[in-house]
Amino acid sequence: MTGTLKVEIWRGAEEGHFEAFEVPTQPSQTVLDLVTYVQRKLDPSLAYRFACRVGVCGSCAMMVNGTPRWTCRTHVNKVAAEGKVRIAPLRNLPVIKDLATDMAPFFDRMQEAKGRFVPSEAAAKDVAVVPPDDPKRKEAAAGIECIGCAVCHSACDVVAWRPDYLGPAALNRAWTLVNDVRDGDRQGHLAAVAVDAGCHACHSHQSCAEHCPVGLNPSRSIAGLKQLVLWAAVRGEL
Amino acid sequence: MRKHRSYRAFLVHRISGVALALFLPVHLVVLGLAVEAAALDRFLVWSAQPLVKAAEAGLVVLLAIHAFGGLRLLAIELLPWSDRQKDWIGWAAAAALAVGAGFILRSFA
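Respectively, the protein sequence lines represent chains A and B.
Take the first sequence: its position 81, counting from 1, is numbered 81 in my numbering, and each next residue is one higher.
Take the second sequence: its position 50, counting from 1, is numbered 50 in my numbering, and each next residue is one higher.
Source of the hints: derived by calculation from the structure; they are not laboratory data.
Beta carbons are placed, not taken as given, at the ideal position from N, Cα and C, and that holds for glycine.
There could be a bad hint or two in this list.
[Said to hold, decoys possible] Derived DEER-like restraints, expressed as beta-carbon distance ranges:
{"id": "1", "chain 1": "A", "residue 1": "C57", "chain 2": "B", "residue 2": "P80", "range": "29 to 39 Å"}
{"id": "2", "chain 1": "A", "residue 1": "P132", "chain 2": "B", "residue 2": "P25", "range": "36 to 46 Å"}
{"id": "3", "chain 1": "B", "residue 1": "L51", "chain 2": "A", "residue 2": "D164", "range": "44 to 54 Å"}
{"id": "4", "chain 1": "B", "residue 1": "V52", "chain 2": "A", "residue 2": "W161", "range": "34 to 44 Å"}
{"id": "5", "chain 1": "B", "residue 1": "V52", "chain 2": "A", "residue 2": "G236", "range": "22 to 32 Å"}
{"id": "6", "chain 1": "B", "residue 1": "D83", "chain 2": "A", "residue 2": "E237", "range": "37 to 47 Å"}
{"id": "7", "chain 1": "B", "residue 1": "A19", "chain 2": "A", "residue 2": "P132", "range": "45 to 55 Å"}
{"id": "8", "chain 1": "A", "residue 1": "G83", "chain 2": "B", "residue 2": "L78", "range": "44 to 54 Å"}
{"id": "9", "chain 1": "A", "residue 1": "C52", "chain 2": "B", "residue 2": "L78", "range": "35 to 45 Å"}
{"id": "10", "chain 1": "A", "residue 1": "W231", "chain 2": "B", "residue 2": "A34", "range": "28 to 38 Å"}
[As the list claims (entries may be wrong)] Covered by chain A, according to a simulated footprint, are these stretches of chain B (three or more residues, beta-carbon under 8 Å):
{"id": "11", "region": "3 to 17"}
{"id": "12", "region": "73 to 87"}
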């Protein structure tokens, strides 16, 4: 693969415009490679964020041709439509500059969903034995590998419609905690997600699961939370 | 970003719901005609025309789509998760069309 590719990159903050660059193509080139080339060779004032380059840290997510993606693991030849790639900052988050978004609202939702482990007394005293084939352990394991990239938050239309919605990542985190036998505040976690902007605000669009780069299914986690919240409410525990 | 089955199912559910909500006042007006037998009879004769019957079949499909789509959502939210839940979209659509086809067959039989 030789030649050049037209790369349009968002410049500015909330207000701004797309700026076009010509970038030489390379074999196995990723979208992050394109952005890095522009920043290093064409315009050093371009702001963007990355760290690990190998799909672990979750810091390089951007909108690529209108779809939220982890750019370090997205090959250009998979997404270049008609020899063109349009790169924008993640949707549903404030833009600081160019491709760098303010991730604070995303991580604030994690706090609001009470996405913190609260050790139970027994767990604090001794090493907990959690059999790998325990059904709750399996549920927790299915959601635990979130890299916090905010691709799901960006893909979700409910987040776009009501910014106070806790969102797929925070609810998925809460789901892993209510299935953690070492956690001592199950009721607290459920109460945090049983609010108006919590799990029941989800419309099951499932865009989160469609776009999650590591293949998690926040829709499934949210459906699980909806059931737990329902039965807790029926029993008068909420 | 929205080009996937679950999102399309949401759109169909929302649009059918809004359309049914718009139809509801018309339905209530017709029910109101029942207090005067002659007016209701006139309406029933009008509604027996083939074109009106065909439109009514459309309404039946809308109602069936919304009902089966709603059952699908309830199943997602209340039953243990199934990775085959996306196939339920197809089943719900097929069931709704079958109900509509049944209505047409009955109307013109």
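Quick rundown of the hints versus the structure:
Between A:C57 and B:P80 the C-beta distance comes to about 34 Å, which sits within the given range of 29 to 39 Å. As the Cβ distance of A:P132 to B:P25 is approximately 58 Å, the hint placing it in 36 to 46 Å is violated. In this structure the supplied range 44 to 54 Å holds for B:L51 paired with A:D164, their Cβ-Cβ distance being about 48 Å. Restraint check, B:V52 to A:W161: a C-beta distance of roughly 37 Å satisfies the suggested window 34 to 44 Å.
Remark: the range hint 22 to 32 Å for B:V52 to A:G236 is contradicted by a beta-carbon distance near 51 Å. For the hinted restraint 37 to 47 Å between B:D83 and A:E237, the CB-CB distance of approximately 30 Å leaves it violated. Separated by about 49 Å at the C-beta atoms, B:A19 and A:P132 satisfy the suggested range of 45 to 55 Å. The supplied range of 44 to 54 Å is met by A:G83 and B:L78, whose beta-carbon atoms lie about 48 Å from each other.
Distance hint check for A:C52 and B:L78: the Cβ-Cβ separation is about 40 Å, which falls inside the suggested range of 35 to 45 Å. Separation of A:W231 from B:A34 is about 43 Å and departs from the stated range, judged on CB atoms against 28 to 38 Å. Coverage of the region 3 to 17 of chain B by chain A holds. Counting CB-CB distances below 8 Å, 4 residues qualify, and the rule asks for three or more. With 5 residues carrying a beta carbon less than 8 Å from a beta carbon of chain A, the region 73 to 87 of chain B meets the three-residue requirement, and the given coverage holds.
Of the hints listed earlier, those the structure fails to meet are numbers 2, 5, 6 and 10, in rising order.
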